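Peer 1: Protein chains in written order, with the numbering used here: chain A, 1 to 461; chain B, 1 to 290.
Simulated from the structure, these hints should not be mistaken for laboratory data. From a predicted model like this one, the values you see are computed outputs, not experimental measurements. It is possible that part of the hints are untrue.
Pairwise CB distance ranges (calculated) [what the hints assert, rightly or not]:
1. A:Q134 / B:G186: 39 to 45 Å
2. A:L409 / B:M262: 38 to 44 Å
3. A:A221 / B:R2: 50 to 56 Å
Computed footprint of chain A on chain B; a stretch qualifies when at least three of its residues, placed anywhere within it, have a C-beta under 8 Å from a C-beta of chain A [to be verified]:
4. 153–159
5. 239–247
Note that CB positions come from ideal geometry on N, CA and C, so glycine has one too.
The chain contents come next:
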Amino acid sequence: MSLFGALSVGARGLAVASAGIDVTSQNVTGARTPGFTRRSLRTQQMAPVQQGALFVGQGAYAAGVTRATDRLLGVRLVDATGAESASSTLSRQLSGVEGYFDATNTTGLGESLDLVFDALGSATADPSDASQRQAVVHAMTSFASTVARIADGLQDAMTGAEEELGASLDAVNDALAEVAELNAAIGHSGAASGPADLLDRRDQLLGELASSVGATVELKADGQAVVYVAGHVAAGLGDYRPLSLSENAAGEPVVSIGMDGGTFDITGEVGGAVGGLVAARSRMSGWADDLDEFAFTVGSAFNTQNALGFDASGAAGSDLFDVGASASGAAAGLTVSAAVQDDASLLAFAGAATARAGDGVNLEALLALEDDATLFADGTARAAASAIVADVGTAVAAADSDSEAQAALLSDLETLRESISGVNTDEEATHLLEYQAAYRASAKVLSAADELLRTLLQLGG
Amino acid sequence: MRVTQAGLWEMVRQNLSTNASRTREVEEQAVTGLLVNRPSDAPALLAQVDRLNATTLDQDVYQQNASQAVAQLNQMDSELGRVHDALTRVRELVVQASGDVVSAEQRGYIALEVESLRTTVLQAANSNFAGRYLFAGTAWDTAPFDDAGTYAGSTDEPRSRVGADTWVTTGLDGSSVFQGDVDVLGMLDGLVTALNADDTASVEASLTDLDTSLDQVMQSRAGVGTETNVADDATELAAALQSELGTRMDDLVAADPAETYMKLSELRQAYSTALQVAASGKSQNLFDLI
Numbered sequence: 001m002s003l004f005g006a007l008s009v010g011a012r013g014l015a016v017a018s019a020g021i022d023v024t025s026q027n028v029t030g031a032r033t034p035g036f037t038r039r040s041l042r043t044q045q046m047a048p049v050q051q052g053a054l055f056v057g058q059g060a061y062a063a064g065v066t067r068a069t070d071r072l073l074g075v076r077l078v079d080a081t082g083a084e085s086a087s088s089t090l091s092r093q094l095s096g097v098e099g100y101f102d103a104t105n106t107t108g109l110g111e112s113l114d115l116v117f118d119a120l121g122s123a124t125a126d127p128s129d130a131s132q133r134q135a136v137v138h139a140m141t142s143f144a145s146t147v148a149r150i151a152d153g154l155q156d157a158m159t160g161a162e163e164e165l166g167a168s169l170d171a172v173n174d175a176l177a178e179v180a181e182l183n184a185a186i187g188h189s190g191a192a193s194g195p196a197d198l199l200d201r202r203d204q205l206l207g208e209l210a211s212s213v214g215a216t217v218e219l220k221a222d223g224q225a226v227v228y229v230a231g232h233v234a235a236g237l238g239d240y241r242p243l244s245l246s247e248n249a250a251g252e253p254v255v256s257i258g259m260d261g262g263t264f265d266i267t268g269e270v271g272g273a274v275g276g277l278v279a280a281r282s283r284m285s286g287w288a289d290d291l292d293e294f295a296f297t298v299g300s301a302f303n304t305q306n307a308l309g310f311d312a313s314g315a316a317g318s319d320l321f322d323v324g325a326s327a328s329g330a331a332a333g334l335t336v337s338a339a340v341q342d343d344a345s346l347l348a349f350a351g352a353a354t355a356r357a358g359d360g361v362n363l364e365a366l367l368a369l370e371d372d373a374t375l376f377a378d379g380t381a382r383a384a385a386s387a388i389v390a391d392v393g394t395a396v397a398a399a400d401s402d403s404e405a406q407a408a409l410l411s412d413l414e415t416l417r418e419s420i421s422g423v424n425t426d427e428e429a430t431h432l433l434e435y436q437a438a439y440r441a442s443a444k445v446l447s448a449a450d451e452l453l454r455t456l457l458q459l460g461g
Numbered sequence: 001m002r003v004t005q006a007g008l009w010e011m012v013r014q015n016l017s018t019n020a021s022r023t024r025e026v027e028e029q030a031v032t033g034l035l036v037n038r039p040s041d042a043p044a045l046l047a048q049v050d051r052l053n054a055t056t057l058d059q060d061v062y063q064q065n066a067s068q069a070v071a072q073l074n075q076m077d078s079e080l081g082r083v084h085d086a087l088t089r090v091r092e093l094v095v096q097a098s099g100d101v102v103s104a105e106q107r108g109y110i111a112l113e114v115e116s117l118r119t120t121v122l123q124a125a126n127s128n129f130a131g132r133y134l135f136a137g138t139a140w141d142t143a144p145f146d147d148a149g150t151y152a153g154s155t156d157e158p159r160s161r162v163g164a165d166t167w168v169t170t171g172l173d174g175s176s177v178f179q180g181d182v183d184v185l186g187m188l189d190g191l192v193t194a195l196n197a198d199d200t201a202s203v204e205a206s207l208t209d210l211d212t213s214l215d216q217v218m219q220s221r222a223g224v225g226t227e228t229n230v231a232d233d234a235t236e237l238a239a240a241l242q243s244e245l246g247t248r249m250d251d252l253v254a255a256d257p258a259e260t261y262m263k264l265s266e267l268r269q270a271y272s273t274a275l276q277v278a279a280s281g282k283s284q285n286l287f288d289l290i
């Protein structure tokens, strides 16, 4: 090897050490950046040059930067992120409406109905008593407003879920567009591993998409990431299919993916937070229907029985509740009829038109509705109310427990990812020392070669 | 496994969050005294809790109704006692007036006393409890008997619910009490007429009707006694049931104060330790030594 060769080998050593320090500094500064993957410098020896019988080495060069990742773990992490997001969203949404079904005090559905029957029971002591009648009307009003309050709460929560769905899909479409652009940029870079920063950003977006719609990813050999949503390709190389939100005939939200000039309904298959919102909205809608049925049946039963009796002035009983013509929307609109609210004497407690003051024949019949097991499939009105609340409680408890299990699994996988891709600053400090030493050594080689050259030049002089 | 600083901090954060969430749960239990604070806390228990709640609320109503019924029945008993005393006195007077030693003038005085006793009976028959006429049946808002003794009340008797399947009569059909086998007021009117007319035979004959009247009143009084017992029993049953239901409810949903306190202490201790660990987490770094 010539002295000039030693100079260029030394210079390459400086470049490699310098690149190493550069990678280390990136790791140290990226340690707290979400989605940052630890990098390491890949060095390689240059091909030797044959000089006579000798193969003279040309030193090393920085061949590239490697990201510390585990592809299989990445796929599992994406799946777990989608599942955790779906279950936590479901849990959060359902927990939000659980308070309306309070089962532990007198503001709940069943309790307010109990109070109606208790007021009727008290009125048996004196069916003609105006204050007893007023207490019955008061209990009925409270029952109706409790039912309506729960129905309104469910409706608000459903509207909130739909708004959140719309906002989530906008963010999803932005992310899909950016992934498609990043795919193109990574493809243009020509390297299968791609520029680390673009790959980090794309991985972060893939995580967000997994979280928001349960997207899955297929990594191609050329570095492209194909994003699938509900089994359909949603983003590829430079192009993506937007997701959209519409409503079906029943007013339920429909999530679709753009396809061949049209859209394809993926409501039932979509995962992540959007899937959780769809599931939560569907659950709440089911409860709202149950509540409508409950309100309509109970209100109608009271109306029918009241019509069979006679009020304090001897007139046939009128409707106690305004329930509408069908169960649809009955809960939200449930009120005690305005006439009865104004005049409690309209309660038809008497069994005969002669309207004797203490005639509580129809009052007893109204009271008997409490034990009428033919009103609902679950039995009495109280049992039906109890079943609705128990259904809510079971669903929330199941969603909470599922969410906790998914969160624990995700946490384990994230810990595993962190152990592979995360940055340990002590490690980086040793790398820094190592590259610092290598830099000094290479500089020493250059200095030695320079000194030898000077000696040679002096000999010539 | 490689350990990173970010991973360590994440672990500390997660543990603090889990601990804080658990502490919040137990604090809620401590404050409310309940293990079940929302439906999802124990969905399987909800049906039972609901039934217990409903039955407990029912017992309040039963006790209230029974207590009012007992007050009404007590007054009915006392009024019927008054009627019985009056009729017993009338019977004594009739026995006295039946003898030959009593003059027509004295029978006239006896007639005056009988008339006064008739007023007592009429007053009792029209007696009311807080405005409710006790012997008017379900027509309790108006006095059932006029001065002539004509009944204007109802033959239906009002009743009040004092148990799931228990009802207590809270007013009597005056026509059956005072006009059952014998029309008491009519009989007294006849007696006064006979006394004033010095009609010894009729006066003597009224003894049979008087005895029947006394039996009639006694029977009604016995009926009132039975209903009072039913109401008393219902009150006791409702109170006992309420206490038992309370215990059962406590078993189901109440948080044991000692256990809750212990749990809370443990959790607060663990939280405090976790905070100390977090605060001392700034361990030495190799960069510090370079």
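Peer 1: Kindly indicate which numbered hints from before are broken by the structure, ordering the numbers from low to high.
Peer 2: 2, 3, 5
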